[in-house]
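Given the structure of chain A, go ahead and fit chain B onto it with the hints provided.
Protein chains: 2
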Amino acid sequence: MGENIDDYLKDAMPEFRQQLARLVAIPSSSQEPEHVGDLLRIVQETASIARGYGFTTHILQSKGDPSENFVAGLVATLQVDPNAPWIIVYNHLDVQPEGEGWLTKAFLPAVTDEKIVGRGATDDKGPMLTTLHAVNYLRAAGKLKVNVALVHETKEEAGSTGFDKLIQESIDQQLLPTPHSILVCDTVFQGDNPAISSSLRGLLAAEVTVTTGTQAIHSGLGGGIAVNPMNVLTTVLASCYNMATRKVNIPTFYDGVPRIEGEAKLNLQKVADGFDLERYKRDLRAGACYRQSTLDALRRNWFEPTFEIHNYKGGLEGTKIPPMASAQVTMRLVGQQDPDAVFAYFERHLHHYLAQLDLLNVKLDVKKVKGSRAVSVAIDNPYVLAAADACEVGFGRKPVYDGCGGTIGALPVFQERFPQAPIVLLAISRVDDGYHAPNEEFKFSQAEKGVKVISDYLQRIATLPKLQP
Amino acid sequence: MGENIDDYLKDAMPEFRQQLARLVAIPSSSQEPEHVGDLLRIVQETASIARGYGFTTHILQSKGDPSENFVAGLVATLQVDPNAPWIIVYNHLDVQPEGEGWLTKAFLPAVTDEKIVGRGATDDKGPMLTTLHAVNYLRAAGKLKVNVALVHETKEEAGSTGFDKLIQESIDQQLLPTPHSILVCDTVFQGDNPAISSSLRGLLAAEVTVTTGTQAIHSGLGGGIAVNPMNVLTTVLASCYNMATRKVNIPTFYDGVPRIEGEAKLNLQKVADGFDLERYKRDLRAGACYRQSTLDALRRNWFEPTFEIHNYKGGLEGTKIPPMASAQVTMRLVGQQDPDAVFAYFERHLHHYLAQLDLLNVKLDVKKVKGSRAVSVAIDNPYVLAAADACEVGFGRKPVYDGCGGTIGALPVFQERFPQAPIVLLAISRVDDGYHAPNEEFKFSQAEKGVKVISDYLQRIATLPKLQP
Numbered sequence: 108m109g110e111n112i113d114d115y116l117k118d119a120m121p122e123f124r125q126q127l128a129r130l131v132a133i134p135s136s137s138q139e140p141e142h143v144g145d146l147l148r149i150v151q152e153t154a155s156i157a158r159g160y161g162f163t164t165h166i167l168q169s170k171g172d173p174s175e176n177f178v179a180g181l182v183a184t185l186q187v188d189p190n191a192p193w194i195i196v197y198n199h200l201d202v203q204p205e206g207e208g209w210l211t212k213a214f215l216p217a218v219t220d221e222k223i224v225g226r227g228a229t230d231d232k233g234p235m236l237t238t239l240h241a242v243n244y245l246r247a248a249g250k251l252k253v254n255v256a257l258v259h260e261t262k263e264e265a266g267s268t269g270f271d272k273l274i275q276e277s278i279d280q281q282l283l284p285t286p287h288s289i290l291v292c293d294t295v296f297q298g299d300n301p302a303i304s305s306s307l308r309g310l311l312a313a314e315v316t317v318t319t320g321t322q323a324i325h326s327g328l329g330g331g332i333a334v335n336p337m338n339v340l341t342t343v344l345a346s347c348y349n350m351a352t353r354k355v356n357i358p359t360f361y362d363g364v365p366r367i368e369g370e371a372k373l374n375l376q377k378v379a380d381g382f383d384l385e386r387y388k389r390d391l392r393a394g395a396c397y398r399q400s401t402l403d404a405l406r407r408n409w410f411e412p413t414f415e416i417h418n419y420k421g422g423l424e425g426t427k428i429p430p431m432a433s434a435q436v437t438m439r440l441v442g443q444q445d446p447d448a449v450f451a452y453f454e455r456h457l458h459h460y461l462a463q464l465d466l467l468n469v470k471l472d473v474k475k476v477k478g479s480r481a482v483s484v485a486i487d488n489p490y491v492l493a494a495a496d497a498c499e500v501g502f503g504r505k506p507v508y509d510g511c512g513g514t515i516g517a518l519p520v521f522q523e524r525f526p527q528a529p530i531v532l533l534a535i536s537r538v539d540d541g542y543h544a545p546n547e548e549f550k551f552s553q554a555e556k557g558v559k560v561i562s563d564y565l566q567r568i569a570t571l572p573k574l575q576p
Numbered sequence: 108m109g110e111n112i113d114d115y116l117k118d119a120m121p122e123f124r125q126q127l128a129r130l131v132a133i134p135s136s137s138q139e140p141e142h143v144g145d146l147l148r149i150v151q152e153t154a155s156i157a158r159g160y161g162f163t164t165h166i167l168q169s170k171g172d173p174s175e176n177f178v179a180g181l182v183a184t185l186q187v188d189p190n191a192p193w194i195i196v197y198n199h200l201d202v203q204p205e206g207e208g209w210l211t212k213a214f215l216p217a218v219t220d221e222k223i224v225g226r227g228a229t230d231d232k233g234p235m236l237t238t239l240h241a242v243n244y245l246r247a248a249g250k251l252k253v254n255v256a257l258v259h260e261t262k263e264e265a266g267s268t269g270f271d272k273l274i275q276e277s278i279d280q281q282l283l284p285t286p287h288s289i290l291v292c293d294t295v296f297q298g299d300n301p302a303i304s305s306s307l308r309g310l311l312a313a314e315v316t317v318t319t320g321t322q323a324i325h326s327g328l329g330g331g332i333a334v335n336p337m338n339v340l341t342t343v344l345a346s347c348y349n350m351a352t353r354k355v356n357i358p359t360f361y362d363g364v365p366r367i368e369g370e371a372k373l374n375l376q377k378v379a380d381g382f383d384l385e386r387y388k389r390d391l392r393a394g395a396c397y398r399q400s401t402l403d404a405l406r407r408n409w410f411e412p413t414f415e416i417h418n419y420k421g422g423l424e425g426t427k428i429p430p431m432a433s434a435q436v437t438m439r440l441v442g443q444q445d446p447d448a449v450f451a452y453f454e455r456h457l458h459h460y461l462a463q464l465d466l467l468n469v470k471l472d473v474k475k476v477k478g479s480r481a482v483s484v485a486i487d488n489p490y491v492l493a494a495a496d497a498c499e500v501g502f503g504r505k506p507v508y509d510g511c512g513g514t515i516g517a518l519p520v521f522q523e524r525f526p527q528a529p530i531v532l533l534a535i536s537r538v539d540d541g542y543h544a545p546n547e548e549f550k551f552s553q554a555e556k557g558v559k560v561i562s563d564y565l566q567r568i569a570t571l572p573k574l575q576p
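As they're listed, the protein sequences go chains A and B. The opening residue of the first sequence carries number 108 in my numbering; numbering runs sequentially from there. The opening residue of the second sequence carries number 108 in my numbering; numbering runs sequentially from there.
This is chain A alone, in the form it adopts within the complex (with noise of 0.2 Å):
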């Protein structure tokens, strides 16, 4: 391998290509207990490839009942000098579930020379590989100077569940020494400049049952008389949102949000007087959107919470008045918005507003299934700023400062555990890769400009200080 990165990339993208199609083949869907054993299959890979790096490798798995708190993890460490800072690098195995509408199969990666296509590619097993193979360039060429934390989840796509355990285990067994900053690439690109975010909404996801009966009833015989729990939870979810004015209607469930004013409505709207819209909702593959300035699209994407409501279950074909019916609903949560107390909120006004429609018999049960607060991280400190100089060395343009709509569950507990640690969010997939989507890809050339990228920034900061919290 060579000393110079183009040497190193012309002889080691081949393998590249061929490490990250076995990732991807791997199909560990955090969401499906049917995948458990491949969660602890692709933390095997991974720590494989990466002891052949040079890391020394702790697979950590939790005791705990397999499907409901199976935590599989990996905790790799790589000490070049112990006088040397060390840096935490996060990045989630698990991906989400396949999904439909694939053109080749999720999880039998399709290669070409220009990408690889298979759930997981972009989010989060390409960016993750390409950190690898930017720590493991400067090692080879001797110019690696800090020492190197891997923190690999496997439970990001189902809201980081564990993670906390994971990480005071990790402590605990003295495997994960403090470090002076953490970086983390599972975000994305805006258009075709780079980007380091500064902040993430957080995620509330619940489940919502109405239960009316034990069995189907003749809509004939029963309509007009028997409570139809499709209808409640209808009635029910509508109050929760309002579609015109672009705002969830559940009382006091904006405590929290910060108003986008001043300054920061100032340097919004300087991101988006550069921000192709058109092109992101392209990317995303978004067909019907709000109508509103991109501005508004900024903000209401990046600093506002949502209510989203993905799945019904419990109907009935026919005529039949089901017995129950139950929903899955999200909450991306902003500013100091607490995915318990919103939980509360929500759960209130559900049984509030049955209350007002004075039914008999219905029962209404609110279920949390997973909680993550928002995250917003300092962008003024020299870490970012090294981040921002390697970004213009690798991918030729200096980044965007933008906010991200999604979420990390994991950041919550890095900054409470190692509150001096700056994280720096720094973008290697792109939106138009398809995060969540079927056919997601990773371009190689992306993978590329991320190891001149990330090799770059860990060269940087070898020499900067441990910031204060």
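Don't take each hint at face value.
Identical copies go unnamed one by one, so any copy, or any two together, can satisfy a pair.
What the hints assert, rightly or not - Below, computed lysine-lysine pairings styled on DSS-like, alpha-carbon distance capped at 25 Å: (1) K475 - K420; (2) K477 - K420; (3) K550 - K505; (4) K420 - K212; (5) K470 - K420; (6) K372 - K550; (7) K372 - K556; (8) K354 - K470; (9) K420 - K474; (10) K222 - K573; (11) K354 - K475.
Because the hints were derived from the structure by calculation, they are not lab data. What you are looking at is a predicted structure, and each value in this text was computed from that prediction instead of being measured.
What follows is chain B alone, placed relative to chain A:
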């Protein structure tokens, strides 16, 4: 077979049980394309029984696309005297889909001394066979003084689509004489009281589809920008009804809905005074109900339209925004509500409401699945009085004159084709038999009494005059 009805039943009931078990074992579900062959089988099996009882049978099959327009029907005639009046006996041989919650197998009938459990036992195979045995008893005893035409369709549970065609073909082929009256046994007892219905509600079934794109979207990257079709669908459907006021909110929806006031209200109050609403709810297995008086419950079940959401499709697991969402809805119709007009009101309202939301590129499609008008029949003619007297003989009580919240799509066709023929809606089934519910049953005691009632009725109407339209 004896000339005495009790002797006949003693001899015939063992055969009745076997016949009904054979009929119920045929899964003649008319809403599931995979059972299209069973519709023909149930017609053949029933025709075979009818031939054994002296009927000349004609099996009608459409020549259309089997999955879309397949119509199988039985028209069978038994002429005892060319000068005797004809009666049409209508039943349906198709059943609801199996559904969930069965303790036994839906199409593996469980027969005890008391009853038979299986899909279609009471709706409508048991009452159909009861009628056939009533005719057979009279025939065997030399007491049949009317000519009987069986008209049995196999699409009742699918909205009686093609029934007009079946009747047209029967008339064209001179298989079906013009009747003096029509007997329909497809309604239910009121508690322990026999019932003759004066009205049935109509039915409009529709499917609403909202399309926003072509594939799933990440709700973090898209939320606040991309429109969620499940949210749109929930909002527009919730706008159609108000569970607090119990009213449908679609403009002009109530055109043609008669007010129940004056004498009609006094009559309804009399029925309500003798009606055990709590028992009705129990028999129906209705857990959650509207809070209302017995009068209001009956008024709303018999004489008010409904709006029911039965099922949603297109939802996705996890946090994905789906590209499409659809819902199956029905509305029971009353009075002069016209299914085509109500469909147009519904469609117009949905589009109008959606337009107010000012969203970009949301596609909304509304499809009419089936439509049938409400029916009201006179109860002040000698045929109904004969049925009432027969109830006293066979069931031991005078009937209640009730409404029925259900729908029989064949009846408007009969009323149009044979306007002079009074339709008598005579209940043989009981509410607690479980129409459309799992563990549907038919009690043999009800069959025995039914044979007595119908054979008595057929004797009484032999000398009645043909009515004027």
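Checklist entry - Against the structure shown, which of the earlier numbered hints fail to hold, in ascending order? => result 6, 7 and 10
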